[in-house]
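*Asks:* Sequence:
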Amino acid sequence: MADVNVDVGSESQSSNAGDLLDSLRAAFPSESCFQNPACAWYVSELAAHGLDRLRGEPARLAAESAKTAMHTRDIAGQHYRTFIRAAECSAGVLQDFVLVERRLEAVLDALPALAGRCDDLASQGEQLCRGRRVNSLALARHTHLLEVLEIPQLMHTCVRNGYYDEALELIGYVKRLERKHSSVPVIQGIVADVRASSQLLLSQLLHQLRGPVTLPACLRVVSYLRRLDALRDTELRLKFLQVRDAWLEAMLSAIPRDDPHQHLVKSIEACRVHLFDIVTQYRAVFADDEAVDGAQATAVFHSWMSRRVLCFLSVLEAGLWENGSRNSGGARPDSLLEQCMYFGLSLGRIGGDFRALLAPMFQRLAYEAFDKATAWALESFIDDMHGFTLLSIPTGLGHMGDVQPDVGETKATPPMTLQPPLKLIDFPPLACFVNGLLTAFNDLRLCCPIALAHDVSVCVQQLLEKVTFTIVDFHRSEAPTFSRAEEDLFTRFCSTYVQQLLPFLNRCLQALFPPSQLAQALGVPLTRLPHYTCLGCLDIPVLLSPISEFLPPKGTEVPTSPDLETPPSISPHTSEQESDREDSNPISLREADESNHVLAGNSEHPRLALESESLADVNVVEDEVIDDAR
1 MADVNVDVGS ESQSSNAGDL LDSLRAAFPS ESCFQNPACA WYVSELAAHG
51 LDRLRGEPAR LAAESAKTAM HTRDIAGQHY RTFIRAAECS AGVLQDFVLV
101 ERRLEAVLDA LPALAGRCDD LASQGEQLCR GRRVNSLALA RHTHLLEVLE
151 IPQLMHTCVR NGYYDEALEL IGYVKRLERK HSSVPVIQGI VADVRASSQL
201 LLSQLLHQLR GPVTLPACLR VVSYLRRLDA LRDTELRLKF LQVRDAWLEA
251 MLSAIPRDDP HQHLVKSIEA CRVHLFDIVT QYRAVFADDE AVDGAQATAV
301 FHSWMSRRVL CFLSVLEAGL WENGSRNSGG ARPDSLLEQC MYFGLSLGRI
351 GGDFRALLAP MFQRLAYEAF DKATAWALES FIDDMHGFTL LSIPTGLGHM
401 GDVQPDVGET KATPPMTLQP PLKLIDFPPL ACFVNGLLTA FNDLRLCCPI
451 ALAHDVSVCV QQLLEKVTFT IVDFHRSEAP TFSRAEEDLF TRFCSTYVQQ
501 LLPFLNRCLQ ALFPPSQLAQ ALGVPLTRLP HYTCLGCLDI PVLLSPISEF
551 LPPKGTEVPT SPDLETPPSI SPHTSEQESD REDSNPISLR EADESNHVLA
601 GNSEHPRLAL ESESLADVNV VEDEVIDDAR
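Okay, so the sequence shown: first residue is 1 according to full-length UniProt numbering, each after it adds one.
If you're looking for bench data, these hints aren't it; they were derived computationally from the structure. Check the hints yourself; a few may be wrong.
Stated by the list, open to error - Derived Cβ-Cβ restraints for the label pairs, each shown as a range:
(1) H274 x W376: 36 to 42 Å
(2) P212 x S335: 26 to 32 Å
(3) D473 x S253: 52 to 58 Å
(4) S335 x H454: 22 to 28 Å
(5) P212 x G131: 57 to 63 Å
(6) I84 x H49: 40 to 46 Å
(7) M251 x A287: 20 to 26 Å
(8) S303 x M361: 19 to 25 Å
(9) G523 x A284: 41 to 47 Å
(10) M361 x R227: 53 to 59 Å
(11) H454 x A287: 46 to 52 Å
(12) A192 x R141: 35 to 41 Å
(13) P212 x S136: 53 to 59 Å
Unchecked claim - Listed next, the in silico DSSO-like pairs over lysine-lysine satisfying Cα-Cα at most 30 Å (straight line):
(14) K266 x K239
(15) K175 x K266
(16) K372 x K266
(17) K466 x K372
No residue lacks a Cβ here, since even glycine has one placed at the ideal position from N, Cα and C.
Between the sequences and the hints, there should be enough to build the whole structure, so can you do that?
*Replies:* Set out below in structure tokens:
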């Protein structure tokens, strides 16, 4: 039983402790209350009391609380004014705290702006200090700054007055300033002004090269251009050639054009002198760079040289056809050719030999002049044949007896003579025609390329074919009215044409184009040369074919003169017309000799130095052909 009571008592104590703990928790709901030292002390006191004390503790606490409350009411009653004042003070303090809080918030809101204004003030102060230091430094270096600011004006003055060394030094100084202070606006303005003056300097230097300049001056100007560093080396070469080319064109344009021949002669001379000077200057200026620059620099020079040569050839060709240097004004194409060949020889020393390009030009010029002269001779012959009559016996200096010589006499004729046959004077149309051809031959002889051998031979061959057909037409129109004497005279006319005129013209062709030179040019033996048709000789059988019927048979003599008692035969032309015709075309031996003395006696030209043996052989062949045609 005792044990049971103990257990019951212990259980009741545990229950009271639990109630106490619950009461404490209800009184102190926050866990932090137990951390209070007073609370901890009170709990430790409660833990030291017994169960009875603990059981009476709530009542005691309730009584204590009631007592305290009563005491508080007594105090409040006694000191109510104090509490009222305290409440009023508390309300006033609360209002003050609210006002302070509001103003404090306003101050906090204004603090960032104040901080920014302070920063601005600090930065402005710093700038003012920096500006003051800069101004102080500028004041200390005022003279040096003034010199820098006056650089553009000084540069402009140097360029205008030609002080190029000083101007280039200023340009170098400004470039160094730009590298160090490229961000400074004042320096940028100075650099811009100096660059404008540099362009003016470049223009002045190039303008000097556009005028007559000596080699030392040219070297000095190019050295300035290199120091200016406005052009790369290839550009400098090209610009140098361009400005010198412009000067050369100006010199050529300044040559007077009043006399076409003199204009062409002076143009050739000006091109030769000035072009050689330009090339000399170019090679002297850029001599040290050619090995370094290589093919590019060489291509620039060679392209310019080729262009200048082509321009010269175009000017030459235009001048040859424009100014009538073929026959007019005493102009001689051989003198022009000599000048051009000398010009080409001079340029050959610098790699610009163009003499090979002259041959086709002068060859065409010579042939067209010859063709024009022969056409005029043919036209004159046709006109002469229209007015030619066979009413009287020729009594000129060429009347030496029988026109048809003996074969042995023909072969005995000196084969090398280029004197026109005197018997041609008996027939004025043939004499005038030969004079015209000799004029053409003499003009051609001055400039006679061997390449024209075939063209000239063909031209003369075709010309003589037309002459032959003109003779045939004359016979066709006049034969019905021929008397016996006129028939004999016409036979003598044809015989003179075949035996005298054709062999003489053949010898003239061989004098212009020697067979030995033709054989050497063709690379064939001299004996094979006759196999080539119309190459330095005439195709006589073709020319004889149309008039072979009018030639006397072989071995037949042609009477030297008709019977003087025989009256003139009827003819559409009167003797008065014949007399007027002879008076209007006086032909004399002296005139023929004077007009043809070049072919007859001048042996200075190499094309007249013929081998007598080869020419004699050709003459024998001619005689045989004539005999066969008869």
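*Asks:* All hints, please: hold or fail.
*Replies:* Here is how each hint holds up against the structure:
Separated by about 40 Å at the C-beta atoms, H274 and W376 satisfy the suggested range of 36 to 42 Å. The supplied range of 26 to 32 Å is met by P212 and S335, whose beta-carbon atoms lie about 27 Å from each other. Range check, D473 to S253: Cβ separation about 54 Å, and the 52 to 58 Å hint holds. Range check, S335 to H454: Cβ separation about 26 Å, and the 22 to 28 Å hint holds.
Between P212 and G131 the C-beta distance comes to about 59 Å, which sits within the given range of 57 to 63 Å. A hinted range of 40 to 46 Å for the beta carbons of I84 and H49 is consistent with their spacing of about 42 Å. At about 25 Å, the beta-carbon gap between M251 and A287 stays in the expected band of 20 to 26 Å. A hinted range of 19 to 25 Å for the beta carbons of S303 and M361 is consistent with their spacing of about 22 Å.
G523 and A284 have their C-beta atoms about 45 Å apart, which keeps the hinted 41 to 47 Å range intact. A C-beta distance of roughly 45 Å is found between M361 and R227, which places it outside the suggested range of 53 to 59 Å. Roughly 48 Å separates the CB atoms of H454 and A287, a value that falls within the hinted 46 to 52 Å. Taken as a hint, the range 35 to 41 Å is violated for the pair A192 and R141, whose Cβ atoms sit roughly 23 Å apart.
Taking 53 to 59 Å as the suggested C-beta distance range, the pair P212 and S136 conforms, at roughly 58 Å. Distance check on the hinted pair: K266 and K239 sit about 27 Å apart at the alpha-carbon level, within 30 Å; holds. Under the criterion of a C-alpha separation no larger than 30 Å, the hint pairing K175 with K266 is inconsistent with the structure, at around 49 Å. Pair hint K372 plus K266 holds up; C-alpha atoms about 27 Å apart against a cutoff of 30 Å.
Distance restraint check for K466 and K372: the Cα-Cα separation of roughly 15 Å lies within the 30 Å cut-off, and the hinted pair is therefore satisfied.
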